[in-house]
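Engineer: Sequence:
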Amino acid sequence: MKTFFYSLATIATIPFIIGCATVASDRKIEGYGVQINQSGAIRTSLYNGPLKITNEKAMKYSMLGAMENCAQEKKYALMDKPVDRTPISSLKQVTANGFVRTLDTPPQYSTAFICKSNINSIGHFEKTENVSRDIVNPITKDLSGGILIRTQDQKEENSFKDKDILLSLNDKRIEEMSDLSNIRDTLPPGKAKAKIIRNSKVKIIEITVTPQTVAIHNAQAVMFGVTCAAKDQVFELVPMSLKAACDTVHLFLKGQEIALAGSTEPNSKN
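First residue of the sequence shown: 77, per the working numbering; consecutive thereafter.
It should be emphasised that the hints constitute simulated quantities derived from the structure, not laboratory data.
Worth double-checking, as some hints may not be accurate.
With a straight-line Cα cutoff of 30 angstroms, these simulated BS3-like cross-link-like pairs (lysine-lysine) come out [stated by the list, open to error]:
1. LYS271 x LYS237
2. LYS271 x LYS203
3. LYS150 x LYS319
4. LYS239 x LYS271
Have a look at the derived ranges for each label pair, beta carbon to beta carbon [claimed, not checked]:
5. GLU333 x GLU252: 33 to 39 angstroms
6. GLU282 x ARG161: 40 to 46 angstroms
7. ALA305 x VAL159: 20 to 26 angstroms
8. VAL298 x LYS239: 30 to 36 angstroms
9. ILE280 x ALA305: 45 to 51 angstroms
Owing to the predicted nature of the structure, the values given are computational and were not obtained by experimental measurement.
Glycine residues also receive a C-beta, built at the ideal position from the N, C-alpha and C atoms.
Please take these sequences and the hints and turn them into a complete structure.
Structural biologist: Quick look at the structure:
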């Protein structure tokens, strides 16, 4: 499960500052209440259902909302670990008679995610962040920014090192996080050229592009099984919206399994 949560750091790094939502949709039906917000390519799935449920289930529903949203577009949800957004869950007030009044609210969890149908890896990164043109331009003279890479994995000479600044992949300029995700996932498997700044000098290194769509498919199938397991769904108690979400994800995964049977990587479109 950890690999699935943190796949964004390695496979589809996105900035985790969520701005004002430009697109929002709400579904608060019985026990499955998920709000999807979008700012640029980044979306968030906030579980804020009305029922008192466990933190674990609130996290699952937040992630299910992300998977359902992407499955509607025939894509996988690449998610960060859910973040607890719960307000003060218990308010105690001593009245004049000494009684304690408790006000309970259900847990709320928010999951940042992006939707992708083809996913590649170009190495393991603990963190990436945008680098301004003010830092890059004195070296490159091209008035563009880059991506700072933080990694402890420095086994080979031809691989990214900690504090490298990525400038391009196969001569396609990368100025911000969204460029990294979009360009990387269009590269063919195998070797690729990466232009970087290392020790204040521009350098070309050879990196390996590894397809990750199958791994993401398998991880999402596991998450689907955990979240939509029959033991959690006593028929009479399952909200129709929750059943619909599970059905949507199930149909998408089944369709991808058919594609997997005929190719190494399912659904090659971005």
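Engineer: Run every hint past the structure and note whether it holds.
Structural biologist: We went through each hint and held it up to the structure:
| no. | hint | result |
| --- | --- | --- |
| 1 | LYS271 x LYS237 | holds (13 angstroms) |
| 2 | LYS271 x LYS203 | holds (19 angstroms) |
| 3 | LYS150 x LYS319 | holds (18 angstroms) |
| 4 | LYS239 x LYS271 | holds (14 angstroms) |
| 5 | GLU333 x GLU252: 33 to 39 angstroms | holds (34 angstroms) |
| 6 | GLU282 x ARG161: 40 to 46 angstroms | holds (43 angstroms) |
| 7 | ALA305 x VAL159: 20 to 26 angstroms | holds (24 angstroms) |
| 8 | VAL298 x LYS239: 30 to 36 angstroms | holds (34 angstroms) |
| 9 | ILE280 x ALA305: 45 to 51 angstroms | holds (49 angstroms) |
In summary, this structure violates none of the numbered hints.
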